[in-house]
Amino acid sequence: MGKKMLVIGEAREGALRNVTFEAIAAAKQISPDGEVVGVLCGEGDLTEQGNEMVYHGADRVITVSDEKLKTYTSEGYGQAIKAVVDDESPEGIVMGHTAVGKDLTPKLASKLETGLISDATEVSNEGGNVIFTRPIYSGKAFEKKIITDGIIFVTIRPNNIPALERDDTRSGEITSRSVEIADLRTIIKDIVRKGSEGVDLSESKVIVAGGRGVKSAEGFEPLEKLAEVLGGAVGASRGACDAGYCDYSLQIGQTGKVVTPDLYIAAGISGAIQHLAGMSNSKVIVAINKDPEANIFNVADYGIVGDLFEVVPKLIEEIKQIKVNA
Amino acid sequence: MNIYVLLKRTFDTEEKITISDARIEEEGAEFIINPYDEYAVEEAINLRDEHGGEVTVVTIGEEESEKQLRTALAMGADKAVLINTEDDLEDGDQYTTVKILEAFFEDKDVDLILAGNVAIDEASGQVGPRLAERLDIPYVTTITAITIDGESVHIERDVEGDVEKVDSSLPLLVTCQQGLNEPRYPSLPGIMKAKKKPLEELELDDLDLDEDDVEPKTKTVDIFLPPEKEAGKVLEGEIDDQVKELVSLLRNEAKVL
Numbered sequence: 001m002g003k004k005m006l007v008i009g010e011a012r013e014g015a016l017r018n019v020t021f022e023a024i025a026a027a028k029q030i031s032p033d034g035e036v037v038g039v040l041c042g043e044g045d046l047t048e049q050g051n052e053m054v055y056h057g058a059d060r061v062i063t064v065s066d067e068k069l070k071t072y073t074s075e076g077y078g079q080a081i082k083a084v085v086d087d088e089s090p091e092g093i094v095m096g097h098t099a100v101g102k103d104l105t106p107k108l109a110s111k112l113e114t115g116l117i118s119d120a121t122e123v124s125n126e127g128g129n130v131i132f133t134r135p136i137y138s139g140k141a142f143e144k145k146i147i148t149d150g151i152i153f154v155t156i157r158p159n160n161i162p163a164l165e166r167d168d169t170r171s172g173e174i175t176s177r178s179v180e181i182a183d184l185r186t187i188i189k190d191i192v193r194k195g196s197e198g199v200d201l202s203e204s205k206v207i208v209a210g211g212r213g214v215k216s217a218e219g220f221e222p223l224e225k226l227a228e229v230l231g232g233a234v235g236a237s238r239g240a241c242d243a244g245y246c247d248y249s250l251q252i253g254q255t256g257k258v259v260t261p262d263l264y265i266a267a268g269i270s271g272a273i274q275h276l277a278g279m280s281n282s283k284v285i286v287a288i289n290k291d292p293e294a295n296i297f298n299v300a301d302y303g304i305v306g307d308l309f310e311v312v313p314k315l316i317e318e319i320k321q322i323k324v325n326a
Numbered sequence: 001m002n003i004y005v006l007l008k009r010t011f012d013t014e015e016k017i018t019i020s021d022a023r024i025e026e027e028g029a030e031f032i033i034n035p036y037d038e039y040a041v042e043e044a045i046n047l048r049d050e051h052g053g054e055v056t057v058v059t060i061g062e063e064e065s066e067k068q069l070r071t072a073l074a075m076g077a078d079k080a081v082l083i084n085t086e087d088d089l090e091d092g093d094q095y096t097t098v099k100i101l102e103a104f105f106e107d108k109d110v111d112l113i114l115a116g117n118v119a120i121d122e123a124s125g126q127v128g129p130r131l132a133e134r135l136d137i138p139y140v141t142t143i144t145a146i147t148i149d150g151e152s153v154h155i156e157r158d159v160e161g162d163v164e165k166v167d168s169s170l171p172l173l174v175t176c177q178q179g180l181n182e183p184r185y186p187s188l189p190g191i192m193k194a195k196k197k198p199l200e201e202l203e204l205d206d207l208d209l210d211e212d213d214v215e216p217k218t219k220t221v222d223i224f225l226p227p228e229k230e231a232g233k234v235l236e237g238e239i240d241d242q243v244k245e246l247v248s249l250l251r252n253e254a255k256v257l
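Residue numbers (this note's numbering), protein chains in the order written: chain A, 1 to 326; chain B, 1 to 257.
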């Protein structure tokens with residue numbers, strides 16, 4: 001018997017984040033014959049976003065629109081989603097392990113008195129059990145975890161469970177539900193955006209990251225060009241952020257973002273354990289470093305021992321070349 | 001102000017990890033205060049120094065956790081509580097932890113609870129928000145600045161690199177992010193004083209709980225190390241040729257271009 005799965009969607013500046021579609025795919029892996037019900041919170045008309053969830057595999061979507069839900073707060077979203085959960089009584093809930101997911105899901109799990117498995121990178125069905133794999137100890141080990149009591153509740157790490165192909169011939173009902181949101185005890189006064197324009201780091205398929213070896217803020221320019229040619233995003237090690245070469249919003253590592261792109265190019269990064277915790281699960285890692293003893297070469301699939309300021313511009317040219325020929 | 005800090009003793013993840021019987025081998029490993037909880041201890045001490053009151057550090061664990069509690073006392077916390085589950089519990093999850101903490105806080109008059117935003121070992125980040133929900137107080141996660149002005153609290157938090165400015169009010173729970181402060185090292189006089197500071201030890205019984213009340217909702221069925229990565233290919237030759245080879249490998253072998 002298929003399960004009824006609730007997928008909590010998440011938008012950023014008006015567009016759904018890709019991890020929302022990955023969460024739908026995860027819900028289908030948990031229960032291939034189940035029903036996937038999307039839920040979206042926000043302000044104004046959310047029908048278009050609801051349709052996007054349907055195109056990516058949701059069977060129907062419930063939207064909760066209220067001016068108090070314009071920006072995310074755990075209290076506002078918590079009340080709205082709790083109301084939908086009470087209506088629907090799902091057997092499972094899936095959401096992305098993003099800043100919002102991390103903030104919201106423990107509150108919901110506590111409200112619902114359920115377990116919660118955070119930051120899963122894999123779902124498998126074995127002998128009637130749904131098993132989730134998640135990294136622990138800064139990515140140095142993995143654990144397999146099951147829910148033993150109550151509904152299946154999980155957050156998934158972006159970029160690990162592939163989304164289903166978008167199919168805009170799919171259709172599903174988009175229902176709007178109003179929820180009386182009580183006064184909020186925490187109020188967002190202001191949001192100062194520091195993230196780089198364009199591609200979101202945690203969801204990017206390609207990341208070009210710089211470390212202390214980049215030597216200055218200007219030194220990031222070739223890395224930005226390389227990222228642009230590859231359609232990727234720029235990241236940094238803590239060392240580069242501490243040295244003031246770039247903003248902390250770009251930091252990848254234990255205290256920064258955890259990323260798992262298809263291609264990670266580390267330029268001038270030594271490969272401290274804190275940095276590896278944030279990127280070592282990337283699918284393909286390229287290291288460019290002057291120091292042949294640098295730790296980053298131990299996790300890299302391909303390495304070039306050399307000066308990044310010589311290697312990166314040549315790399316840009318070579319990639320442009322094959323793109324022209326393709 | 002009554003300030004509480006939730007602290008976890010963790011495995012130092014800079015250590016090499018080995019596994020036996022689907023468990024992380026703890027024998028001989030180094031244990032530390034979870035680094036994010038250190039920010040919480042430091043901030044609690046600063047807020048107490050500014051506003052008066054008392055800092056109590058609370059942990060759930062085993063006898064060995066006393067060491068990390070003494071370190072927090074040496075940093076400047078006033079009191080410590082060890083909820084010792086060594087004899088009562090074999091397994092637990094975040095549900096278990098929060099059930100215990102909820103019972104502990106039931107009769108406490110709380111103004112502020114600080115915790116790390118995540119523990120570096122199990123890395124779920126659930127305990128803070130879960131507890132706030134049970135205590136019916138607001139919470140703000142991943143904070144990088146906090147000022148308290150009477151009952152109102154002004155906070156900056158890190159949201160994937162963006163800075164969100166949040167207003168809330170006491171009582172409140174916050175979880176701490178890197179950038180909030182630089183935790184101090186315990187001073188020698190601090191270490192001497194810590195030996196005499198009160199450290200209360202409780203068991204589930206003292207909280208009117210038994211094993212069934214705190215039964216976990218999830219279970220770890222296996223722990224394993226990531227597959228050993230094959231040694232990478234460090235290219236050789238002229239830089240021009242290396243770059244050409246790299247692009248060709250990325251395209252044809254790794255198939256990521």
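Since the hints were derived computationally from the structure, they do not count as laboratory data.
This one's a predicted model, so the numbers in the text were calculated from it and none came from an experiment.
Among these hints, one or two may not hold up.
What the hints assert, rightly or not - Residues from chain A that face chain B, not an exhaustive set, calculated with beta carbons under 8 Å:
hint, residue
1, K68
2, V130
3, I273
Unchecked claim - Below 25 Å or equal to it, Euclidean Cα-Cα: the simulated DMTMM-like pairs (lysine to aspartate or glutamate) are:
hint, chain 1, residue 1, chain 2, residue 2
4, A, K140, B, E30
5, A, K189, B, D121
6, B, K229, A, E35
Heads up, the beta-carbon is just placed ideally off N, CA and C, and yes, glycines get one too.
Tested hints:
1. K68: violated, 15 Å
2. V130: violated, 11 Å
3. I273: At about 5 Å, which falls below the 8 Å cut-off, the nearest Cβ of chain B leaves the hint on I273 (chain A) intact, so it holds.
4. A:K140 to B:E30: holds, 16 Å
5. A:K189 to B:D121: Violated, at roughly 33 Å.
6. B:K229 to A:E35: Not OK: K229 (chain B) and E35 (chain A) at ~38 Å, beyond 25 Å, violated.
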